[in-house]
Amino acid sequence: MTPALEPNVLPNPLLKWAGGKRWFVPTLAPIWKKFSGSRIVEPFCGGLAVSLGLAPRYSLLNDLNPHPVNLYQWIQRGLTENIEMKNDESFYYATRERFNALVSAHQADGVESALLFYYLNRSGYNGLCRFNSKGHFNVPFGKYRSIRYLTDFEVYRQAFSNWRFITGDFEEIQLESDDFVYADPPYDVEFTRYAAQDFGWDDQVRLAHWLTYHSGPVLLSNQATPRILALYEKLGYTTQLLSAPRMISCNGNRDRATEVLATRNI
132 MTPALEPNVL PNPLLKWAGG KRWFVPTLAP IWKKFSGSRI VEPFCGGLAV
182 SLGLAPRYSL LNDLNPHPVN LYQWIQRGLT ENIEMKNDES FYYATRERFN
232 ALVSAHQADG VESALLFYYL NRSGYNGLCR FNSKGHFNVP FGKYRSIRYL
282 TDFEVYRQAF SNWRFITGDF EEIQLESDDF VYADPPYDVE FTRYAAQDFG
332 WDDQVRLAHW LTYHSGPVLL SNQATPRILA LYEKLGYTTQ LLSAPRMISC
382 NGNRDRATEV LATRNI
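Take any residue in the sequence shown, note its place counting from 1, add 131, and you have its number in my numbering.
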């Protein structure tokens, strides 16, 4: 039997996530402490590093990518099913083919798809979550020496008990006036196909204005490109530059990146 969670002590993220913000939690924690009675809203929840790190009682967690959300929702329901999981290249590609067949058949919201996605995430290259124009998962095999696969998700079911998971465009989120909003959109870079849809500059601008309409505390992190800095400073945000670990780079190195933390109503 899985032991009950201690108050304010939540497990580490169950998914590997390129660009995940686990490293960022110590920076956010003292800010969150002032608003800890509020609900956290994440328009781009990804691998859940921030909400799991800050441990709010209530969270509204959205992502444009429906597959992690589907997994989280099934865990909330008390996921007990299991599938075979092997650190094997041929097995990985066969599993990826099965997952993509479910996507093509519009059956990617079931428990099988949830578990297949978990397996692909743990076994694929470097925590990437990438899809082609058909919505098919196209991340190559990760070639890890060993992989730890979970078969018991009870500790996460407990952690998610007062959280709500949704999938869709951020503008569809219904905010409450005192929500603590943390937005971590796809980086402002040329390649942004993390879901079947692109997230381009028009979306970055749309997000900035949507966040600005919120009367409660707002925090945003993004790559510190000149146009991102100019956009948020023009809208009255306080900006701070941070050195972030670069998990994936075009040359295969793990360089450090410069990110901006933009805050408003803090």
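Be aware that one or more of the hints could be misleading.
Simulated DEER-style distance windows between Cβ atoms [said to hold, decoys possible]:
no.: 1; residue 1: 269; residue 2: 361; range: 29 to 37 Å
no.: 2; residue 1: 278; residue 2: 236; range: 33 to 41 Å
no.: 3; residue 1: 213; residue 2: 297; range: 21 to 29 Å
no.: 4; residue 1: 292; residue 2: 370; range: 30 to 38 Å
Treat the hints as calculated values from the structure; they're not laboratory data.
All C-beta atoms, glycine included, are put in the ideal place defined by N, C-alpha and C.
Hint check:
| no. | hint | in the structure |
| --- | --- | --- |
| 1 | 269 x 361: 29 to 37 Å | holds (34 Å) |
| 2 | 278 x 236: 33 to 41 Å | violated (28 Å) |
| 3 | 213 x 297: 21 to 29 Å | holds (26 Å) |
| 4 | 292 x 370: 30 to 38 Å | holds (35 Å) |
In terms of the numbered hints stated before, the structure departs from hint 2 and from no other.
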